[in-house]
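Novice: Sequence:
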Amino acid sequence: MSFLRAVMDLHAYDLVEYGMSVDQAKRYKRVANAFLGPADSPRVQRETLELAERQGMSVDRLIMIDRHATKVKARGQAWALRAELVAMTGTFDEVNEFAAERVREIVGPTPRKPGVRFSRSRDGMRTMTVTDEQREITDLEKTLDAICAAGKKGADDAASASNAGTQDVVPRSEALRTAFWQHLRDGGGVIKPAYSTVIAIGVDDAFRILSGRGDDVVLGLSDGTTMTGAEYLAAMDAGELGRDIFAGLFHPVSGPVNLYSARFASFKQRMLAKAENLVCPWPECAVPADRCQVHHIDAHAHGGQTEPSNLTMLCPYHNGVNDDEANKRRRGRVDRHFGHVRYTTPSGRIIANRHDNCTRGAMHLIAKKVWV
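Terminal number for the sequence shown in our numbering: 372, no gaps in between.
Worth flagging that the hints you see were computed from the coordinates, not collected in a lab.
Dumping the calculated DSS-like pairs for lysine-lysine here, alpha-carbon to alpha-carbon at most 27 Å:
hint, residue 1, residue 2
1, K142, K268
2, K113, K142
3, K73, K26
4, K26, K71
5, K113, K73
6, K71, K113
7, K71, K29
8, K153, K142
9, K152, K142
10, K73, K29
Construct the complete structure from the given sequences, taking the supplied hints into account.
Specialist: In C-alpha cells:
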C-alpha cells in the first residue's frame with residue numbers, strides 16, 4: 001500500500017522514469033486513485049485500507065481486486081466488493097475466480113452479441129472474429145476439421161507413393177485457416193452430421209425431456225457445446241441423433257462400470273469415457289472430448305487395466321505431459337477421486353477443471369455434487 005501512496009503523488013509519465021511501461025504506469029495510477037482517492041463509502045474505504053496494509057497485500061492482488069470492483073456501478077457496491085475481496089483468504093487465482101463469480105451475481109450476465117468483427121491491420125495481418133449460435137460455429141469447425149483430415153490423408157498418400165517420408169505436422173490453427181479459405185473458394189456449405197458426439201443425459205432429465213417438460217434442461221455435449229431439452233427433441237425429430245441410443249452405467253464412487261483387459265479402448269469404452277468427461281479434465285483446458293484421446297489413468301505399461309474406471313479423455317497435449325508414473329512428479333497427473341477424474345499437482349493438491357461442461361458429465365448427473 002505504501003507503493004500506491006507514493007504513486008498518488010506522481011504523474012504516470014513520471015513513473016516511466018523508473019523503468020516501467022506507460023501502460024503499467026497508468027494501471028498503477030488508476031488503482032492508486034481507486035483505493036486512495038475520494039470514495040462514496042469513506043468508512044468502508046478506511047477499514048479496507050487498514051486491513052490491506054496489515055496483511056501486506058501485494059500490488060498485483062490489489063490491481064486484480066480493483067479490476068473486478070470497477071465492473072459494479074451502483075453506489076457503494078464497488079467498495080463493498082473491494083472490502084469483501086480484501087478480507088478473503090486464499091490464493092490469487094482463488095480470489096480472482098471468486099471475484100468473477102461475485103461480479104456475475106451482482107451485475108448479471110452480459111449477453112454476447114452475434115456478428116462478424118475485423119481488427120485493424122498490424123504487421124500485414126488482420127483478425128476476423130465471428131460470434132454466432134454455438135451449433136453454427138461448431139458445425140463449421142467440424143467441416144474444416146474434415147477438410148484438414150482429407151488434405152492430410154492425401155498428402156500422406158502422395159508422400160508414401162513418392163517415398164518422401166512422413167509429412168511435417170502442421171499446427172491445427174494453421175491447418176484450419178488453410179481449410180477455411182479453401183472451403184470459401186470451393187463454395188461449400190457446412191456439415192450437418194448425425195450425432196456421433198456424446199450427449200450426456202441423466203435418467204430423470206431424459207424422462208422430463210421425452211414427456212415434453214424438459215425445455216429448461218441444459219445438456220452437455222462432448223464437442224464442447226450445450227443444447228436444451230427442446231433442441232434435443234428437435235434434433236431427434238430431424239433424424240440427427242441417428243438410430244442407435246446408448247445407455248452408460250456409472251457408479252457414484254467407482255465411475256463408469258464395465259471390465260475389459262485389452263490394450264486399446266473399445267468403441268463402448270470410449271463412449272463411456274466421453275460421457276463422463278465432456279471436456280479434458282485438466283484444469284483450464286477447454287478441448288472437447290470429441291478431440292481428446294483415451295488415457296489410462298494407471299498406465300497400461302504399469303499394470304493399469306483397459307476398463308472404464310481406469311479410462312478418461314485427455315487432450316493430446318495433456319495426455320503427453322501427464323505423469324504416467326505416479327512417483328515421478330514433474331507436471332502432475334489425473335487420478336480418480338471420489339469417482340471423479342481430477343488433476344493432482346506435483347505437490348499433491350487436487351484441482352478440478354471449472355469448464356461449464358465439466359459439471360454436465362455423467363458422474364455429476366448422478367452425484368449432483370461438485371468435488372473440488
